[in-house]
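Just so you know, the protein sequences line up as chains A and B, in that order. Residue numbers 789 to 951, in the working numbering, belong to the letters of the first sequence in order. Residue numbers 36 to 604, in the working numbering, belong to the letters of the second sequence in order.
Since the hints were made in silico from the structure, they are not lab data. We put the beta carbon where it would ideally sit given N, CA and C, even for glycine. The reader is advised that the hints may include incorrect statements.
To be verified - Some chain A residues flagged as far from chain B (calculated, every beta-carbon gap over 10 Å): (1) Asn817; (2) Asp863; (3) Ser865; (4) Glu866; (5) Arg872; (6) Leu876; (7) Arg891; (8) Thr913; (9) Asp927; (10) Gly943; (11) Arg947; (12) Ile948.
As the list claims (entries may be wrong) - DEER-style ranges, computed between Cβ atoms: (13) A/Asp842 <-> B/Pro376: 32 to 42 Å; (14) B/Gly590 <-> A/Ser924: 45 to 55 Å; (15) A/Ser812 <-> B/Gly143: 17 to 27 Å; (16) B/Gly453 <-> A/Val951: 33 to 43 Å; (17) B/Asp69 <-> A/Asp842: 51 to 61 Å; (18) A/Ser812 <-> B/Gly453: 21 to 31 Å; (19) B/Lys222 <-> A/Ile948: 20 to 30 Å; (20) A/Asp842 <-> B/Asp306: 24 to 34 Å; (21) A/Val951 <-> B/Lys222: 20 to 30 Å; (22) A/Asn817 <-> B/Gly453: 22 to 32 Å; (23) A/Val935 <-> B/His79: 46 to 56 Å; (24) A/Val951 <-> B/Lys348: 49 to 59 Å; (25) A/Asp842 <-> B/Val37: 49 to 59 Å.
Stated by the list, open to error - Simulated crosslink set (BS3-like; lysine-lysine; CA at most 27 Å straight-line): (26) B/Lys392 <-> B/Lys239; (27) A/Lys860 <-> B/Lys256; (28) B/Lys256 <-> B/Lys230; (29) B/Lys324 <-> A/Lys850.
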Amino acid sequence: MRHVISLLLENEAGALSRVSGLFSARGYNIESLTVAPTEDPSMSRMTIVTSGSDDVVEQITKQLNKLIEVVKVVDLSEAAHIERELMLIKVRAVGKDREEMKRMVDIFRGRIIDVTDSSYVVELTGSLDKLDSFISAIDRELILETVRTGVSGIGRGDRILKV
Amino acid sequence: MVLTGAEIVVRCLQEEKVEYLFGYPGGAVLFIYDELFKQEQVRHVLVRHEQAAVHAADGYARSTDKVGVALVTSGPGATNAVTGIATAYMDSIPMVIISGQVPTAAIGLDAFQEVDTVGITRPCVKHNILVKDIRDIAPAIKKAFYIAKTGRPGPVLVDIPKDITAQRAEFSYPQEVSLRSYNPVVKGHSGQIRKAAQLLLEAKRPMIYTGGGVILSDAAKQVTKLARQLGFPVTNTLMGLGGYPASDKQFVGMLGMHGTYEANMAMHYCDVLLAVGARFDDRVIGDPKHFQAEPRKIVHIDIDPSSISKRVKVDVPIVGDVKEVLEELSRLIEAGEKPNPENTAAWWKQIGEWRDKKCMEYKNSAEVIKPQFVVQKLWEVTGGDAFVCSDVGQHQMWAAQYYHFDEPRRWINSGGLGTMGFGLPAAMGVQLAHPDKPVAVITGEGSIQMCIQELSTCKQFRLPIKVLSLNNRYLGMVRQWQQFFHGNRYSESYMDSLPDFAKLAEAYGHIGIQVTKPSDVEPVLREVYTKHKNDLVFLDFQVDPTENVYPMVQGGKGLTEMILGSEDL
Ligand SMILES: Cc1cc2nc3c(=O)[nH]c(=O)nc-3n(C[C@H](O)[C@H](O)[C@H](O)COP(=O)(O)OP(=O)(O)OC[C@H]3O[C@@H](n4cnc5c(N)ncnc54)[C@H](O)[C@@H]3O)c2cc1C
Ligand SMILES: Cc1ncc(C[n+]2csc(CCOP(=O)(O)OP(=O)(O)O)c2C)c(N)n1
Ligand SMILES: [Mg+2]
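Turn these sequences into a full structure, and let the hints guide you.
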């Protein structure tokens, strides 16, 4: 099962490698991991997308909690939550492809943020599925490069992760 | 008060009331050694290898309730310490290791004797800290001691670059530590404890299984009290020996791979299991699937939530300190109805039948010394009162099986990592902590050679340790597996070209005695504990080279699938 785990941790040197080291040392999967400071610069927030049986995910959250620098851990996927990911994708855009690409970007509610004679850079945010669909909707041959941030997650409504 | 970084380090150790600092000097810690030179409160013990410094600090911690402290230099000093740190980590021993680091400006430039100590040790410490500013030294050391000894204990490393030990800053030792991200739960959930009491009182086939957590939390009294109140059988893990008096009639012996028949059978067939500060290790329950195939209710008390339901699903988890939780459990049981001994009468009868197998009996010999016999005699001669430090191998198992520990913190061994070379240096820490107590090392000719250089440290500090080497001329534990599971192919397990250990001990300035006859075992031990009470004596017992450790549960097998003797092979 896929799980989205969100954590608050002290914004200290080494904290990130403690988390990533834990995953590799104990053989847990990481699909994606994103991290950046919060509104309180002493704290970072991390979103980890992982997969595993319920037992494994229970161990993951317990082991994360054990790390001294980890302040709080929640499994967002246990209840209603929102996931978003940002993708920047550079595509070839010449001749008839230029119009077609513009149309696709509009359909996916993306934006073209850089334009040259022969290429666009498209900015797209959304769920993982949406970004995947965009990639499969356009012609593979036209993709020059892609960069994705990995999923960031947040609980809906009253579910708040704060100290 | 303005002090140098090095002065601050030493002042912090003084504030923490550190009696002994086990260490080895080098370039990156020269300023710290200079400050140590100028004071007397913290006594430095110069070992002969950094691994031994960490093991000695570890032995000191295991035999007391204090934090063990070691000091090593950067690069090779730190890497030599890693085995010791990992050993302490696996057994949850509270320690602080201070390592020197190259100057801050040189970090990352492949400087002389630079290694990423914090990176290398990250997976085998409870926590570690690279101090980059002199003002952080005192808070880092304070935090290190606090983290090491609270919650589930463990080693904490503080890495200090050389330049900041020479700088100057205002010093004041923090009185308290408060970490928003670290607040171990101590008191157990009272609803859960009530549930546990209920289950225990209804049990027909109960079992109390206690581990290293009882020793670490100094809760042997509480275990004994509860076990007596309930009248239930008790077993200990290798790490938990001494957590319940071995000579008591409710004690069924150690369980696990080399545990007793009765302990393993009772563990498997019980209907209610109370697990106390023990982590259902693979050497304890064998194949978890086999173990879980038998229905039983499990109550598990542990301070570390990640120990609970890790390998075996439990029914009543109680996160908290063993001591606190057991006290509350005892109170509840005292206040309620008296447990009815009739509930468990049939169970005790069954246990009696299992005991009748007498799985610990061994065939003694008049010609060749049996290793079990040596341990049994040591127990008799010392009246069970010695601190017994062990290395790793067959001799370790015989020590655990035949020295009956009635008190906690007397049995000092590396269980989780199984580190050969641990015994002698650990004994140095134990002997320093208990100068007037008998301290014995039970070792093998393989293990002792991994840290034998420490005989020199023992001489310098006049440590009257008794080393009992059960010399079978084999890496016996390896040979046993090769005999059982690899068709008698003794690949690289014979110890050729052994030194004359008695002479070697003498070369270090100690007394060395080789013992070859069974009839000499007891007289020699008596002499050693009377005439040579104040000397280090190295006893090289030439024991039966082919003796095996029984019972044995083969790795991956179920707990009840025991090999009880050569007839089961
Ligand atoms: C050659 C060899 C053979 C071995 N054979 C056996 C064998 O036959 N039988 C056997 O038992 N072992 C054996 N071992 C040892 C085994 O590998 C494990 O080290 C051992 O079983 C673990 O013991 P434990 O479960 O008591 O856990 P420990 O490692 O001692 O862990 C202690 C537990 O208590 C918890 N704890 C700590 N402090 C507290 C507190 N204050 N309050 C509450 N909980 C706390 C911790 O979180 C942890 O879960 C062998 C080792 C070797 C090297
Ligand atoms: C540092 C280290 N290396 C290897 C091992 C694997 N090992 C476990 S027991 C053992 C043999 C120990 O031999 P000895 O000390 O003579 O004890 P015996 O089993 O003969 O009593 C070995 C090699 C280990 N535990 N530790
Ligand atoms: Mg041997």
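Status of each hint after checking the structure:
| no. | hint | result |
| --- | --- | --- |
| 1 | Asn817 | holds (18 Å) |
| 2 | Asp863 | holds (14 Å) |
| 3 | Ser865 | holds (20 Å) |
| 4 | Glu866 | holds (17 Å) |
| 5 | Arg872 | holds (26 Å) |
| 6 | Leu876 | holds (31 Å) |
| 7 | Arg891 | holds (49 Å) |
| 8 | Thr913 | holds (31 Å) |
| 9 | Asp927 | holds (44 Å) |
| 10 | Gly943 | holds (20 Å) |
| 11 | Arg947 | holds (20 Å) |
| 12 | Ile948 | holds (16 Å) |
| 13 | A/Asp842 <-> B/Pro376: 32 to 42 Å | holds (40 Å) |
| 14 | B/Gly590 <-> A/Ser924: 45 to 55 Å | holds (48 Å) |
| 15 | A/Ser812 <-> B/Gly143: 17 to 27 Å | holds (22 Å) |
| 16 | B/Gly453 <-> A/Val951: 33 to 43 Å | holds (40 Å) |
| 17 | B/Asp69 <-> A/Asp842: 51 to 61 Å | holds (56 Å) |
| 18 | A/Ser812 <-> B/Gly453: 21 to 31 Å | holds (23 Å) |
| 19 | B/Lys222 <-> A/Ile948: 20 to 30 Å | holds (27 Å) |
| 20 | A/Asp842 <-> B/Asp306: 24 to 34 Å | holds (26 Å) |
| 21 | A/Val951 <-> B/Lys222: 20 to 30 Å | holds (22 Å) |
| 22 | A/Asn817 <-> B/Gly453: 22 to 32 Å | holds (29 Å) |
| 23 | A/Val935 <-> B/His79: 46 to 56 Å | holds (54 Å) |
| 24 | A/Val951 <-> B/Lys348: 49 to 59 Å | violated (31 Å) |
| 25 | A/Asp842 <-> B/Val37: 49 to 59 Å | holds (56 Å) |
| 26 | B/Lys392 <-> B/Lys239 | holds (23 Å) |
| 27 | A/Lys860 <-> B/Lys256 | violated (35 Å) |
| 28 | B/Lys256 <-> B/Lys230 | holds (23 Å) |
| 29 | B/Lys324 <-> A/Lys850 | holds (23 Å) |
Taken one by one, the earlier hints fail for this structure at numbers 24 and 27, listed in ascending order.
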